[in-house]
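Chain order of the listed sequences is G and R. With positions in the first sequence counted from 1, the corresponding number in this note's numbering is that position plus 1. With positions in the second sequence counted from 1, the corresponding number in this note's numbering is that position plus 8.
Derived from the structure by calculation, the hints contain no laboratory data. Fair warning: there could be bad hints in the mix.
[What the hints assert, rightly or not] Label-pair ranges, simulated between beta-carbon atoms:
no. : chain 1 : residue 1 : chain 2 : residue 2 : range
1   : G       : Gly24     : R       : Leu41     : 30 to 36 angstroms
2   : R       : Gly36     : G       : Ala71     : 56 to 62 angstroms
3   : G       : Thr102    : R       : Arg59     : 25 to 31 angstroms
4   : R       : Ser16     : G       : Glu62     : 37 to 43 angstroms
[Claimed, not checked] Derived lysine to any residue pairs resembling SDA-like cross-links, with alpha carbons at most 25 angstroms apart:
no. : chain 1 : residue 1 : chain 2 : residue 2
5   : G       : Lys92     : R       : Glu42
6   : R       : Lys76     : R       : Asp33
7   : R       : Lys98     : R       : Thr146
8   : G       : Lys92     : R       : Gly47
9   : G       : Lys92     : R       : Gly46
These numbers come from a predicted model, not from an experiment. For glycine and all other residues, C-beta sits at the position ideal for the given N, C-alpha and C.
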Amino acid sequence: MSNFEGLDLFGSGPARFRVMAQGSVVVANYVIGATPPNGSTAHGPIELDVVVRGRLVATTESGLWALREAITAQLTDPPTNGSLFDDHGHKWEDMSFIRYTEGDRTDRGRVKSMAYEAVFRKFV
Amino acid sequence: MLILNPQSVVFGSVVLEQVTMVAMDRVGTRVVLEWGDGGPHVVFADVPEQRVNVRVVQEVDVVVESVKPGDLGTLSFVASMSGADAGRRKVSATAVVTGVGYEVGRSAASTGAAPRAIRTLTFVLVSGNGATDPVVVTEA
Chain G
2 MSNFEGLDLF GSGPARFRVM AQGSVVVANY VIGATPPNGS TAHGPIELDV
52 VVRGRLVATT ESGLWALREA ITAQLTDPPT NGSLFDDHGH KWEDMSFIRY
102 TEGDRTDRGR VKSMAYEAVF RKFV
Chain R
9 MLILNPQSVV FGSVVLEQVT MVAMDRVGTR VVLEWGDGGP HVVFADVPEQ
59 RVNVRVVQEV DVVVESVKPG DLGTLSFVAS MSGADAGRRK VSATAVVTGV
109 GYEVGRSAAS TGAAPRAIRT LTFVLVSGNG ATDPVVVTEA
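Excised from the complex, chain G in its bound form (with noise of 0.2 angstroms):
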């Protein structure tokens, strides 16, 4: 099971987990002044973010905003820094919580569900 520090945060529904890119922070020359203009400068690694797509399924609508406010309340200032699980166990170590963005509407059919996208990232 899928879980943030332990917490089982979007277990109510299917959720996919997305790495995102990883490499290095590639700037170019000119916007930086350095030469050649038309070269390019490394600047260190990418951060990597982890990003969860899913959807958060309750059968009432009090139950959907306690999905809802569950995952919002690790949207810490500074952000949580923790564990971060996906399905199959694997693990990714100091990721921190720092958005979360949910779909245009609460889908109201069998049941009460709202589309995410959570966003992690492991900070340099």
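Use these hints to put chain R onto chain G, whose structure you have.
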């Protein structure tokens, strides 16, 4: 729901005569499908937005433009399983006309009767609050 030869069909104050068929279709206009990280199959499906369409088909001799797209009213009809009085049900709903179409039916080959005009009225049913099913079925 398909009703052949309903005993009466009324829309607002208009009595629709010689109705041969009432068809009520339920269509999922927004289907939510989700896959998880476990494998290839759908793990969540729901239909949070749907629409109930009704088609009323009637034979008409004289075309009278009594119903027009956009008209709002209560659509009701009485039906029974066997055409008898037993088990009669009244189906009613708030409806908005979405289309009025005509075509010419085929003549009855055996009798040589002239072909008749067929009018098809289409409606979308409206729920009072979005959560309640727009179709109300009661004992007639």
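Which numbered hints does this structure break? Hint check: 2 fails alone, others pass.
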